[in-house]
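Those protein sequences? They're chains A and B, same order as listed.
Just so it is clear: in the first sequence, position 175 is 182 by the numbering used here, and no numbers are missing.
Just so it is clear: in the second sequence, position 46 is 47 by the numbering used here, and no numbers are missing.
Please keep in mind that the hints were generated in silico from the structure rather than gathered at the bench.
Glycine included, C-beta positions come from ideal geometry on N, C-alpha and C.
Accuracy of the hints is not assured; some may be wrong.
As the list claims (entries may be wrong) - Distance condition first, Cα-Cα at most 25 Å in a straight line; then the derived SDA-like pairs of lysine to any residue:
(1) Lys92(A) <-> Val27(A)
(2) Lys168(A) <-> Lys85(B)
(3) Lys85(B) <-> Lys130(A)
(4) Lys85(B) <-> Gly79(A)
(5) Lys95(A) <-> His21(B)
Stated by the list, open to error - Examples of chain A residues lying across from chain B (beta carbon under 10 Å, computed):
(6) Gly21
(7) Val26
(8) Phe39
(9) Thr48
(10) Asp49
(11) Tyr52
(12) Cys72
(13) Pro93
(14) Cys99
(15) Gly100
(16) His114
(17) Asn155
Stated by the list, open to error - Quick look at which bits of chain B chain A covers, simulated, 3 or more residues with Cβ under 8 Å:
(18) 16 to 30
(19) 80 to 93
(20) 174 to 182
(21) 300 to 312
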Amino acid sequence: MRYAMAVDTKKCVGCSDCVVACQTENNVPIGFCRDWVVEVTDGTYPQLEIELRSERCNHCANAPCVRCCPTGASHIVEGGIVLVKPNKCIGCGACIASCPYDARYPHPKGYVDKCTFCIHRVKEGMKPACVAVCPTKCMYFGDLDDPNSEVSVILKKRKSKTLIPEAGTQPQLYFLI
Amino acid sequence: MNEELIISGRENLMVDPQLHIWHWPIPLYLFLGGLAAGVLFFAALYYLLGKEEQYRAAVRRVPFIAPVALVLGLAALFYDLNHKAFFWQLYTTIRIQSPMSWGAWTLLVITTASFIWCALHIREFFPRWDWKYKWLKDIEVFFNKNKKPLAWVILIFAIITGVYTGILLSAFNARPLWNTSVLGPLFLASGLSAGAASIVLASKNREERLLFTKIDLIILGTELFLIVHMFMGFLASTQVQQEAAQLFLGGPYTMVFWIFVVVLGIIIPGVLDLMELWGKHIPALIPGVLVLMGSFAFRFVFVFAGQVSRWLY
Ligand code: SF4
Ligand code: SF4
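Using the sequences and the accompanying hints, generate a full structural model.
Put into structure tokens, the structure is as follows:
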């Protein structure tokens, strides 16, 4: 099993509903977020192009944050989801420094926190909160090993990219372009 | 134009707008670790070379810096942890791929060994020292008999500790400035030069002072070579590493790096060492303190600048 997510940059309108949905669903402390929306403006006026991306942890298949964690608090569970065990985490910050996407943050309680692909919902057969709430339905989630999953189907149909693959992290968050 | 904005307003503390997860205790810890590695390396080396009597300060006295530095360094590291109550989790596992993990174990070994080494030489400072309990005396007798193996352990672990202070950073490919394999040898050299400088500062024997002035000079030269080498590597590398190098070549860290680390920390003390060797009398305090400050500044500049360097996307 290999969970992955695809975000359609052509459909996203940058409303940030996904961010709020995540904060509510996961009780993210005020002032922090596990996902965020980036707007990239490219070109010279009047020929400007805008790309909108809802970003979060890429649940990298070759995750530097897991590699550098001294206690094993950062670990990978079935389906390739990267998680942190709060009562194993010493809050050293190594994983935060090791993530090229700055996808982690220190929780005010001391341990490190990040996107979990809403594993608690996925286990119940639901979609992650951000995917479920998106008003433009621009996100797809599922198992890449299953050729019929939403995410496999859309990735076959559309062109996609990942973020800084040259960092060697093998990110599993795809952006449809 | 190419502009990237986080429009949902991400303001994660210590991550935005620039990574700042590691504060002053981390470079302090790296400096103290490097210093301890330096003094222990020379103590073990000259003991194993049979020069214990000749170089008393190096073998017997200066190593007393090490346990103090290591304990202070570990305290600094502990202070910068965000989840302190779980500190012990570090010592429930060894994770070879995580420098922080094997570094923590290395520090445990070298700190213990440094305490034993100092206990064996405690009479340098307290000639009438007497261990109160028999078991302590037994331990002393045991390690006196096995001083050679102890010195070997210290020698090897001092090198590992010195290299570790650099590898801790160079293992992060997410921070292009740190991600260079030169950093291990470079920080080892910086630690060794701090160690040699401490011996020059503490020794009262002219021959010993001259020897360590020479050693210091060689290490400072090596450091300078490694720094040039590092920049050549950065400038010939990918765009992210070229931009990382720009932090020191016109960017915000240019002045601190070239003035405090290179000129005041390496070149001037190197020239003063050279003058001393040529027979001009230079008060040992000046190059010694400059080298220590340079080594200290080096870790600060690197830890802070590295957190600013990043991948672009
Ligand atoms: S995006 Fe960052 S936190 Fe997530 S798995 Fe990759 S390296 Fe780790
Ligand atoms: S902060 Fe926690 S999860 Fe991150 S590397 Fe340190 S111990 Fe592991």
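Hints, one by one, checked against the model:
Straight-line distance between C-alpha atoms of Lys92(A) and Val27(A) comes to about 24 Å, which keeps the hinted pair within the 25 Å bound. Straight-line distance between C-alpha atoms of Lys168(A) and Lys85(B) comes to about 39 Å, which puts the hinted pair past the 25 Å bound. This hinted pair does not check out: Lys85(B) and Lys130(A) have alpha carbons roughly 32 Å apart, beyond 25 Å. A C-alpha spacing of about 16 Å is found between Lys85(B) and Gly79(A), which places the hinted pair at or below 25 Å, so the restraint holds.
Proposed proximity of Lys95(A) and His21(B) is supported: the alpha carbons are some 22 Å apart, at most 25 Å. Interface hint at Gly21(A): satisfied, since its Cβ lies 5 Å from the closest Cβ of chain B, which is below the 10 Å cut-off. At its closest, the beta carbon of Val26(A) sits 5 Å from a beta carbon of chain B; the interface hint therefore holds under the 10 Å criterion. At a threshold of 10 Å, the smallest CB-CB gap from Phe39(A) to chain B is about 5 Å, leaving the interface hint in force.
The beta carbon of Thr48(A) comes within 5 Å of a beta carbon in chain B, closer than 10 Å, and the hint placing it at the interface holds. Because the closest C-beta pair between Asp49(A) and chain B is about 5 Å apart, less than 10 Å, the hint holds. For Tyr52(A), the suggested interface contact is upheld, since its CB lies about 8 Å from the closest CB of chain B, less than 10 Å. A least Cβ separation of about 9 Å between Cys72(A) and chain B falls short of the 10 Å threshold, and the interface hint therefore holds.
For the restraint placing Pro93(A) at the interface with chain B, the shortest Cβ-Cβ distance is roughly 8 Å, inside the 10 Å limit, so the hint holds. For Cys99(A), the suggested interface contact is upheld, since its CB lies about 6 Å from the closest CB of chain B, less than 10 Å. Here the hint on Gly100(A) is kept, as its CB sits about 4 Å from the closest CB of chain B, short of 10 Å. The restraint placing His114(A) at the interface with chain B holds, with a minimum CB-CB distance near 8 Å, inside the 10 Å limit.
For Asn155(A), the interface hint is violated, since its Cβ never comes within 10 Å of a Cβ in chain B; the closest pair sits about 31 Å apart. Counting residues of the region 16 to 30 of chain B whose C-beta sits closer than 8 Å to any C-beta of chain A gives 5, which meets the bar of three, so the coverage hint holds. Counting residues of the region 80 to 93 of chain B whose CB lies closer than 8 Å to any CB of chain A gives 11, which reaches the minimum of 3, so the coverage claim holds. Figure legend: the region 174 to 182 of chain B, annotated as covered by chain A; annotation consistent (3 residues with Cβ-Cβ distances under 8 Å, at least 3 required).
By the rule of at least three residues with a Cβ nearer than 8 Å to a Cβ of chain A, the coverage given for the region 300 to 312 of chain B holds, with 3 such residues.
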